[in-house]
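Undergrad: Taken in sequence, the protein lines are chains F and P.
Mind the numbering: the first sequence is residues 1 to 286 in my numbering, read in order.
Mind the numbering: the second sequence is residues 1001 to 1239 in my numbering, read in order.
Keep in mind the hints are simulated off the structure, nothing from the lab.
Ideal Cβ positions, reconstructed from N, Cα and C, are used throughout, including at glycine.
Treat each hint with caution, since some may be false.
[As the list claims (entries may be wrong)] Covered stretches of chain F (in silico footprint by chain P; criterion: 3 or more residues with CB under 8 Å from a CB of chain P, positions within the stretch not fixed): (1) 140-149; (2) 183-191.
[Said to hold, decoys possible] If you anchor each label on the Cβ, the simulated ranges turn out as follows: (3) F:Pro-192 to P:Val-1070: 37 to 47 Å; (4) P:Val-1070 to F:Pro-213: 18 to 28 Å; (5) P:Thr-1079 to F:Gly-171: 14 to 24 Å; (6) F:Gly-171 to P:Ala-1090: 29 to 39 Å; (7) F:His-167 to P:Ala-1208: 46 to 56 Å; (8) P:Ala-1093 to F:Tyr-170: 51 to 61 Å; (9) P:Arg-1080 to F:Pro-213: 23 to 33 Å; (10) F:Pro-46 to P:Phe-1207: 34 to 44 Å; (11) P:Val-1160 to F:Arg-79: 52 to 62 Å; (12) F:His-167 to P:Ile-1013: 54 to 64 Å; (13) F:Asp-148 to P:Val-1070: 32 to 42 Å; (14) P:Val-1160 to F:Pro-213: 16 to 26 Å.
Below, each chain spelled out in residue letters.
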Amino acid sequence: MKRFVSAGVRDLGRLALLLLLVAASGMSQFAWADDDGGLNSAKFSPEAAAIFNRRCTACHTYGRGIKVGPDLKGVTERRKRDWLLKFISSSSSVIKSADPTAVALFTQFKQQRMPDWTDLSEKQINDILDFVAVGGPDIKPADERNADLATPADIENGRQLFTGQTHFKYGAQPCSSCHTVHGLSSGGSLGPDLTQTYFRYQDRALTQFLRHPCFQWNNSDSSAPYLTTRESFAVKAFLRQASVLHAAGNANTVQQPNSAEIRTTPIKAAQAALSSRADARKGPAR
Amino acid sequence: MKTSFLFAAWPYIALSLFLAGILVRYLLDRRRIATVTAELSEVRELFSAGRLWLLLLLIGHAIDLLFPRVIFWWNSSPTRLYLLEGAGFAIGAAALAGWLRLMWRHLDRSNRSAITEISDTVFLSLLLIGILSGLLMAVLYRWSSSWGAMIIAPYVASLVRGNPAAGFALQMPFLVRLHIFASFSALAVLPLTRLASFAVVALDRSFALIGRPVSVTAHGAEAWFRKHNPASWLWPEED
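Let the sequences and hints guide you as you build the complete structure.
TA: Laid out in structure tokens, this is it:
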């Protein structure tokens, strides 16, 4: 009986741990924004994020206290949506109408009022408010995740996007039309070999690079979307995998690695291989 | 000369030279169109070597540039990609062999006009540059059907729209730029070659076809005006 009870307690403990892990993974997924409608991801308009960064951050912080104007964290809970719409569109008219909240803010912030953003449509303002409501600037685009965190599925998705087996959402052509990585038989040779790209540029620079097309992509509209953040992350993950496998001297698995290989590919072994090559280049110690 | 000129202005200059050249050839030859038609068989015989392969190359390029989405779809399978690239290279190699036979025949017989002789030689040389650069591109820069549809097709589309995006061509390797330049140059030289006879005869027949209904209408209008001549109402005594 005692054994049975202790086993039950142990199971309950495991269950609690599992729930905690699920909750934690849910939270970590929420912190990355995906723009291709993926599940378990916070959604916001990239345009709203851009407007927020361009127009709001000069005077407001998000969760870091007062700057010139009030902290915007929780503003959508503190104020009603209608009031926010009116105030953002034309704070001067709301203050003139002797609205008590607007007047109080005006007095509190040294009689400096917010510019009238009359050029923003109601939809744009609503999108900005949605952006703030879901977590605002705390949310990072999915492609900013470090490729170390990629799952085997992400890497496989990246391989399929790279080789054209899966199509890019916005019609970008597969990387293998012009590029190859070591061990990939169907890669092109117009552009450079991308095997070492991940180690050469590292995660952050590669993220920035993948946000822009390699060549003049759309002549008529420079703001046309290129890759979704999820696609960008998957391609980055595949390139990282190619670099790691190449450094570890295991290029053949780039063609179609199985998930076990992906999981067990030792990054330390790759780094060791790189450092041993560097040592070999330096020559014998004097 | 700026490189951008070669890819922004030269295509239009080449096309203008081609159209103007054909028109001038037509105006010069229309009085002796029967002779030109008689000469066609000789020209046909001269250019018969490798004609099929050159035509296939031309059609392949046209599909790649006009229907890039078809190419993207086709190339999405590695097997089909290898098949297309292999076939393209084989046709290119056959076209090169055809060119050699064509050049042999060209050197073998002399022509009455020095200008035509020189023009034919220049045209054939440009053709050789085009074929050789194309073959080298296929070897050195793999999957030219894919990147051609991706980069060169938008460039050609921009030329058609009248807003040339020379940047597409300028960022390509030298061989690709040479291939494009040689193609437009061949087009510019074409009216001076013996091949222009085909265009002259085609133009003459087109004008004859278009002219027939115009001539019928003009005759009808003339008869109507004679019948309803307002002068007969004004000066009836003169009838």
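Undergrad: Determine for every hint whether it applies to the structure shown.
TA: Structure-based check of all given hints:
| no. | hint | verdict |
| --- | --- | --- |
| 1 | 140-149 | violated (count 0) |
| 2 | 183-191 | holds (count 6) |
| 3 | F:Pro-192 to P:Val-1070: 37 to 47 Å | violated (28 Å) |
| 4 | P:Val-1070 to F:Pro-213: 18 to 28 Å | holds (22 Å) |
| 5 | P:Thr-1079 to F:Gly-171: 14 to 24 Å | holds (23 Å) |
| 6 | F:Gly-171 to P:Ala-1090: 29 to 39 Å | holds (31 Å) |
| 7 | F:His-167 to P:Ala-1208: 46 to 56 Å | holds (51 Å) |
| 8 | P:Ala-1093 to F:Tyr-170: 51 to 61 Å | violated (37 Å) |
| 9 | P:Arg-1080 to F:Pro-213: 23 to 33 Å | holds (25 Å) |
| 10 | F:Pro-46 to P:Phe-1207: 34 to 44 Å | violated (58 Å) |
| 11 | P:Val-1160 to F:Arg-79: 52 to 62 Å | holds (54 Å) |
| 12 | F:His-167 to P:Ile-1013: 54 to 64 Å | violated (39 Å) |
| 13 | F:Asp-148 to P:Val-1070: 32 to 42 Å | holds (40 Å) |
| 14 | P:Val-1160 to F:Pro-213: 16 to 26 Å | holds (22 Å) |
Comparing the model with each numbered hint stated earlier shows that hints 1, 3, 8, 10 and 12 do not hold.
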